[in-house]
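Number of protein chains: 2
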Amino acid sequence: MNFQPAPAQKLYPDIVWKRLFAELDRDGQGLNIQIRRTIVCAIEQGVLTNGTRLPSTRRLAVLLGVARNTVTAAYQLLIDEGFLASRERSGIFVAASTSRIAAGPERQDAGDGQWANRFAIRPSDLRQIDKPRDWLDYSYPFLFGQFDPAIFPTNNWREAMRATSSVKEIYGWAGDRVDDDDPDLVEQLRLQVLPKRGIFADPDEIIVTIGSQHALSMLVQLFVGAGTVVGVEDPGYTDIRNMAEMATSNAHMLNVDRHGVVPDATLSECEIALLTIGHQCPTTAVMPLQRRKDLLKTAERDDIILVEDDYEADLLLEGEAELPCLKSLDENGRVIYVGSFSKALAPGLRIGYIVAPRSVIAELRVLRRIMLRHPPTNNQRILATFIALGHYRLHLKKTGAILRRRADLISGLLPEVLPGFRWRRDAGAKSFWIEGPPDFDSGDLARAAREKGVLIEPGDIFFADPETGRRFFRLGFTAIGEAKIEAGLRLLGDLVPR
Amino acid sequence: MNFQPAPAQKLYPDIVWKRLFAELDRDGQGLNIQIRRTIVCAIEQGVLTNGTRLPSTRRLAVLLGVARNTVTAAYQLLIDEGFLASRERSGIFVAASTSRIAAGPERQDAGDGQWANRFAIRPSDLRQIDKPRDWLDYSYPFLFGQFDPAIFPTNNWREAMRATSSVKEIYGWAGDRVDDDDPDLVEQLRLQVLPKRGIFADPDEIIVTIGSQHALSMLVQLFVGAGTVVGVEDPGYTDIRNMAEMATSNAHMLNVDRHGVVPDATLSECEIALLTIGHQCPTTAVMPLQRRKDLLKTAERDDIILVEDDYEADLLLEGEAELPCLKSLDENGRVIYVGSFSKALAPGLRIGYIVAPRSVIAELRVLRRIMLRHPPTNNQRILATFIALGHYRLHLKKTGAILRRRADLISGLLPEVLPGFRWRRDAGAKSFWIEGPPDFDSGDLARAAREKGVLIEPGDIFFADPETGRRFFRLGFTAIGEAKIEAGLRLLGDLVPR
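From first to last, the protein sequence lines are chains A and B.
Per the working numbering, the first sequence starts with residue 3, numbered consecutively.
Per the working numbering, the second sequence starts with residue 3, numbered consecutively.
Note that these hints are calculated values from the structure, not bench results.
Quick caveat: nothing in here was measured; it's all calculated off a predicted structure.
Some clues are possibly wrong.
[Unchecked claim] The calculated label-pair distances, taken between Cβ atoms and stated as ranges, are: (1) A:A228 to B:G84: 47 to 55 angstroms; (2) B:T51 to A:G32: 43 to 51 angstroms; (3) B:E271 to A:R452: 49 to 57 angstroms; (4) A:R129 to B:V231: 27 to 35 angstroms; (5) B:R55 to A:G32: 43 to 51 angstroms.
The beta-carbon is built from N, C-alpha and C at its ideal position, and this holds for glycine as well.
This is chain A alone, in the form it adopts within the complex (with noise of 0.2 angstroms):
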């Protein structure tokens, strides 16, 4: 882009330049970046025009206060890029201009009215799970499912992201795979990560998911038509519920005891059901193998597919090996496995992965083709180079340290600031099911802790029948550091009726 002389020179006096970087943020992306991004932003908004005259470096370090060469350097970037030109002895000039369409009519929105009565589904009908998206701005999230980002393994994450950004490696990400997976993160899976959970599976036998939401929901899609008998927990995962709600009439709610999911009459009426065994949502409930074998029998009399949503596997807190999950001790090849990063690792990333009999994932992978093609290369790529490395085995042993404390120091604490109140929290499991005395409403609690700043998560959510879970919620302890359990728990027991 070379610079044509601007028909007229504008100069702008300080206080618009400072007004201008008024956002610089120190604590945010270097000011090197930041510094770009704002001019870039303001060429691409017509808020600086072709032919601006920029302050100098050192006056422009000056009004921001920050070092001359930090200006030195985004003043040269931009003009490499072709968005500032430098004229020898009069200075630095805005050099791009933004081309951009007029806007159009103004829109008259149809409106709500309008818009509902075209809709074939009305997701928004469903029942909403409510999670603060600001929790980061609380004191006390004792959330289950986010994580205290000091947890994540930064550096470790870094070098392997630094790895798979060589020009070679993004021959192999950057492309269309239409409706493959990348190899080496299958190769991981196969070979580091099921073998620990007794699945020994090939490669045709693994698709990856955008998380294991979305496992769930392509198999839903694939297995339950409008008329299928499905069968969900109860009380068991709010959108797992709403999944089969959404795609047939058919939904049975499953009975859960202190072991779990119960094989009993109302499962055997299921074609297929999906089951949470390793720890049962949300009652954290290890399911005892004695219940898994004789689920599996249950499930080969009747003939029901079982769908196996293990979320919580590989982050082991008690030390202590877990119990082979349903998946392994299966004879017939009916049970389909659904695994996750998110509770291991980031939920951020959205990795989760379906292991199934081949048949299975060859239409999964035409399903998920049409429905999205296939989950981000990169994060599939960066993924398999952290688990190669052996960061993901050291993460596990580390946080599974670091939340063994945490789940310890709440164990501690809970006669004393919850009298009154029973719970439980079955091993491995990253939270604690809390019930109240029967007058309890922890939806009452939880506006008045959210209040205090401490969050927790009632339980009527869970519940087919909201009444039902009144007196429940959840504490999880992956969010909230140990130093402010002991607080947050204190203000909490404060807010509990005596």
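Model the placement of chain B on the given structure of chain A, informed by the hints.
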């Protein structure tokens, strides 16, 4: 992890180590990383067990032909992470062991037959896109939708990656956003990307998707029930037709002429139509302004929702401004806009978006949450930074110039290499749409060409009636470098019957 004296110290001869490291690839990830991957994998696999003594750094360096400090650095990192331990005067030993649950009973895969009668839908029955996954291994890939990776802005992408891997940034993206998007990406879309196309949207009128494929499949799920009349173009994009046919028994094939889709009686019967306006897929037709206006008039009169799949926006080859998109001309808020970064940046990233009235976005947000929560946040954040730094604009400019040269080269050669054929490539399109003489079969040509290392896309897949498409093929030029074009076309020309 403290090293425990091993029960029995294992010593392997050099040949074992050479074999273990046999797959070291000098062009792949860094050697340090590959050495660590290999050792970690061997430990996880149980090939190297606790107490096994490793070769000295000097010895391994000689065996592998790498610098000794590469081996030293790799060993040291593995010691830091507890995989290896160093014992004074006796060497370096494996200090970790793997724990895995034994393989369960031999599985009976129920086989295709038994699963088949459990599927509610059968995606593999649809007509399948057949893109060779190994296209990078072909010398002359005249494909659409793949990029020769040389086009990917490696260094600038890396800068955006680095900028988003600070601890504070990771705080921002590692968590579960439930149903939310990265606010920075939404801002960049609103302020930089969309205005160039005449679209001015509020944040709550935008949702991010896993590429445009995911955008379209969500819209189909939201608007298309079992009986909804949905219009898809014929010829048109195969997987849009597949999606529509999976959702309803009333998919209508819309007529397409040289100006794109025709606003005729067939369209008027539809409740919703999925259209390509900017470049009709696969004919490359740019719909003239008057046709766009007629289309909007028809939609208003007959109450049709129009989905505009603007898959090829942004990347201008001809230097001239594009026509305003349908969405920007829409006075009645009945156009839903779908965009993507797959065709302009990298399909492997899987980032697209929908712009729609806020009541539609609100439903889509719930639907997306239930389907898969949200697209990976780290990729959203990297892309936002990439755009904010002006790298996207620069990339479009550079890539536009590269692709323009390829297009001109092909235009110049076609009359000579394919005499008797007709072709079309409207301004800005990244492919040619080629029609052979009456007896020509593009499937035959594609098969013969593939043998010679030349990939083209037969036209039949784009047509509801494959026979109609037999004479056509698509010739893309985003995946093939300029230097290969002439030789590839001549090979192709030699295969065409004269």
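We went through each hint and held it up to the structure:
no. : hint                                 : in the structure
1   : A:A228 to B:G84: 47 to 55 angstroms  : holds (53 angstroms)
2   : B:T51 to A:G32: 43 to 51 angstroms   : holds (45 angstroms)
3   : B:E271 to A:R452: 49 to 57 angstroms : holds (52 angstroms)
4   : A:R129 to B:V231: 27 to 35 angstroms : holds (31 angstroms)
5   : B:R55 to A:G32: 43 to 51 angstroms   : holds (45 angstroms)
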